[in-house]
Amino acid sequence: MASIVLAKLVKKDIIRSDIFKFSVHAPEIVNTTKPGQFIEIQVSDEVEPFLRRPISVYNVDKENGILEFIFEVRGIGTKILAKKEEGDNIDILGPLGWGSFNYEGYKNIAVLGGGIGIFPLYELCKNAKNDANVHTYLGFRDERAVMLEKEFKQVSSSLTITLDNVDGFAINKLRDDLEAKNIDIIFACGPLGMLKAVQELAKEKNISCQISLEEKMGCGFGVCMGCAVKMVNSSYYKHVCKEGPVFEASEVEI
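Convert by adding 132 to the 1-based position in the sequence shown; the result is the number in this note's numbering.
There may be inaccurate statements among the hints.
Here are the simulated DSS-like pairs of lysine-lysine, each with C-alpha atoms no more than 27 Å apart in a straight line [unchecked claim]:
#	residue 1	residue 2
1	Lys337	Lys362
2	Lys374	Lys194
3	Lys216	Lys194
4	Lys282	Lys305
5	Lys140	Lys239
6	Lys239	Lys153
7	Lys362	Lys374
8	Lys285	Lys153
9	Lys215	Lys261
10	Lys216	Lys261
11	Lys285	Lys313
12	Lys211	Lys239
13	Lys194	Lys261
14	Lys215	Lys143
15	Lys166	Lys143
16	Lys337	Lys261
17	Lys215	Lys140
18	Lys216	Lys144
19	Lys258	Lys305
20	Lys261	Lys335
21	Lys140	Lys216
22	Lys239	Lys313
23	Lys337	Lys194
24	Lys153	Lys166
25	Lys282	Lys313
26	Lys374	Lys153
27	Lys239	Lys143
28	Lys328	Lys305
29	Lys166	Lys194
30	Lys261	Lys282
31	Lys144	Lys239
32	Lys211	Lys261
33	Lys194	Lys335
If you anchor each label on the Cβ, the simulated ranges turn out as follows [stated by the list, open to error]:
#	residue 1	residue 2	range
34	Arg148	Ser290	38 to 44 Å
35	Glu311	Tyr369	23 to 29 Å
36	Ile147	Glu311	43 to 49 Å
37	Lys282	Ser135	30 to 36 Å
38	Glu380	Ser290	23 to 29 Å
39	Pro323	Lys282	35 to 41 Å
No lab work stands behind these hints: they were computed from the structure.
For each residue, glycine too, the CB sits at the ideal point set by N, CA and C.
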């Protein structure tokens with residue numbers, strides 16, 4: 133069940149000039165958060181910007197009640213958020229999304245992420261590694277874009293980093309390893325082109341696959357209809373904020 137809390141910013145890290153990691157004290161949210169869920173943040177007390185900003189959960193520390201999220205400064209909302217300092221309170225609604233990563237029962241997991249789409253995959257890797265082999269593949273456009281390599285290495289059985297301008301796409305490395313590592317499910321988050329490719333790969337190899345989608349959201353509860361995605365071979369739509377953000381890849385029309 134989602135809660136609205138004023139969460140104290142206890143640690144602010146600058147990962148890159150335009151990417152920040154915030155650690156906030158929010159035990160009410162942390163205690164019920166599942167890998168793949170997200171939060172919505174009220175970035176200002178002013179009328180503008182009016183809507184909350186949806187941001188994926190990066191990591192939860194239930195013992196200490198700490199919620200961590202990472203965001204890239206893209207517009208006025210995230211620009212305001214980036215100016216928050218340690219000790220400030222942040223208005224957070226969460227956790228949101230009924231669709232979370234379901235990794236139970238699988239033994240050889242492949243986790244595929246691209247660019248800033250890697251952020252919601254950390255909590256998945258951390259939890260799944262207790263029961264399965266977690267093989268992580270992270271793709272970045274070039275060496276300057278690489279981030280969180282050390283962090284993902286700690287929560288993965290194996291980690292493969294690829295650079296688009298040197299190695300090609302990360303999914304190609306995953307394809308090469310499917311049989312050798314006996315992969316029985318793929319989890320992915322990143323650009324739509326990557327998600328389309330992994331969707332086709334999973335279908336070709338008859339492997340289970342779950343993908344996390346990102347869409348522009350207004351309400352966060354499936355009321356405003358702004359984040360609807362079409363289901364395969366159907367006129368039916370589901371909402372990323374409510375039924376997602378994680379879907380079975382075979383169900384979604386990308």
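The hints, checked one at a time:
no.: 1; hint: Lys337 - Lys362; verdict: 23 Å, holds
no.: 2; hint: Lys374 - Lys194; verdict: 24 Å, holds
no.: 3; hint: Lys216 - Lys194; verdict: 23 Å, holds
no.: 4; hint: Lys282 - Lys305; verdict: 20 Å, holds
no.: 5; hint: Lys140 - Lys239; verdict: 38 Å, violated
no.: 6; hint: Lys239 - Lys153; verdict: 31 Å, violated
no.: 7; hint: Lys362 - Lys374; verdict: 14 Å, holds
no.: 8; hint: Lys285 - Lys153; verdict: 18 Å, holds
no.: 9; hint: Lys215 - Lys261; verdict: 35 Å, violated
no.: 10; hint: Lys216 - Lys261; verdict: 33 Å, violated
no.: 11; hint: Lys285 - Lys313; verdict: 17 Å, holds
no.: 12; hint: Lys211 - Lys239; verdict: 41 Å, violated
no.: 13; hint: Lys194 - Lys261; verdict: 17 Å, holds
no.: 14; hint: Lys215 - Lys143; verdict: 13 Å, holds
no.: 15; hint: Lys166 - Lys143; verdict: 22 Å, holds
no.: 16; hint: Lys337 - Lys261; verdict: 24 Å, holds
no.: 17; hint: Lys215 - Lys140; verdict: 14 Å, holds
no.: 18; hint: Lys216 - Lys144; verdict: 8 Å, holds
no.: 19; hint: Lys258 - Lys305; verdict: 22 Å, holds
no.: 20; hint: Lys261 - Lys335; verdict: 25 Å, holds
no.: 21; hint: Lys140 - Lys216; verdict: 10 Å, holds
no.: 22; hint: Lys239 - Lys313; verdict: 10 Å, holds
no.: 23; hint: Lys337 - Lys194; verdict: 37 Å, violated
no.: 24; hint: Lys153 - Lys166; verdict: 19 Å, holds
no.: 25; hint: Lys282 - Lys313; verdict: 22 Å, holds
no.: 26; hint: Lys374 - Lys153; verdict: 25 Å, holds
no.: 27; hint: Lys239 - Lys143; verdict: 35 Å, violated
no.: 28; hint: Lys328 - Lys305; verdict: 16 Å, holds
no.: 29; hint: Lys166 - Lys194; verdict: 11 Å, holds
no.: 30; hint: Lys261 - Lys282; verdict: 16 Å, holds
no.: 31; hint: Lys144 - Lys239; verdict: 35 Å, violated
no.: 32; hint: Lys211 - Lys261; verdict: 35 Å, violated
no.: 33; hint: Lys194 - Lys335; verdict: 36 Å, violated
no.: 34; hint: Arg148 - Ser290: 38 to 44 Å; verdict: 25 Å, violated
no.: 35; hint: Glu311 - Tyr369: 23 to 29 Å; verdict: 36 Å, violated
no.: 36; hint: Ile147 - Glu311: 43 to 49 Å; verdict: 35 Å, violated
no.: 37; hint: Lys282 - Ser135: 30 to 36 Å; verdict: 32 Å, holds
no.: 38; hint: Glu380 - Ser290: 23 to 29 Å; verdict: 25 Å, holds
no.: 39; hint: Pro323 - Lys282: 35 to 41 Å; verdict: 24 Å, violated
Hint check: violations occur at hints 5, 6, 9, 10, 12, 23, 27, 31, 32, 33, 34, 35, 36, 39; the rest are consistent with the structure.
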